[in-house]
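Participant: All chains, please: the whole structure from these sequences, using the hints.
With the first letter of the sequence shown counted as 1, position 21 gets the number 21 in the numbering used here; the numbers rise by one all the way through.
Each hint can be trusted.
Dumping the calculated DSBU-like pairs for lysine-lysine here, alpha-carbon to alpha-carbon at most 35 Å: (1) K107 x K7; (2) K123 x K17; (3) K19 x K79; (4) K19 x K107; (5) K123 x K19; (6) K7 x K17; (7) K17 x K107; (8) K79 x K17; (9) K8 x K19; (10) K107 x K123; (11) K123 x K79; (12) K79 x K107; (13) K8 x K107.
Each pair of labels, with its calculated beta carbon distance range: (14) D92 x D113: 20 to 26 Å; (15) A22 x H46: 29 to 35 Å; (16) L141 x K7: 39 to 45 Å; (17) A40 x V93: 19 to 25 Å; (18) N76 x G27: 20 to 26 Å; (19) L138 x T103: 17 to 23 Å; (20) N72 x K8: 29 to 35 Å.
I should point out that these hints are in silico values taken from the structure, not numbers from a laboratory.
Computed from a predicted model, the values in this text were never measured in an experiment.
By construction, the Cβ of each residue, glycine as well, lies at the ideal position given by its N, Cα and C atoms.
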Amino acid sequence: MTGDHTKKQLRRATYVKVKDLAPATRGHCLVVQVLSIQPATEIPRHHDGSVLRIAEATVGDETGTVVLSARNDQINLLKVGRMLVIRNSNADVFNGFLRLNVTQWGKIALHPDGIASTPAAPKTIFAANNISSVEYELVPLDEDEADE
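Facilitator: Here it is, written out as structure tokens:
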């Protein structure tokens, strides 16, 4: 059996700005600067005895800032002032506040990353617009609204 194995062309990554992030959205790519880092927390995993390390960092661009939840090896890339490229991240609500999380298929890399489609790093950071400081509340839909 011979098959025509043509390579599917990868689509170009689409980059967004911090101000464009909304709760429960997926697949975001951003170029940001690290503004601050909280100490890492270690959470034991009971099923295999390993430890999950999580650190939160405030990152931003010229449109605003957001809290990034970094895990394990991702934490090593966090340094105040460093420019990062974040690929395939999700904007999730944790304890009522927006957090940016990089999925298992995503990546955090140093900027510049050598990829032509990656945008330039932000020249200024709009720290006054911290979208992670907005509190979100889960509101159940009325049955009438759910049917529409």
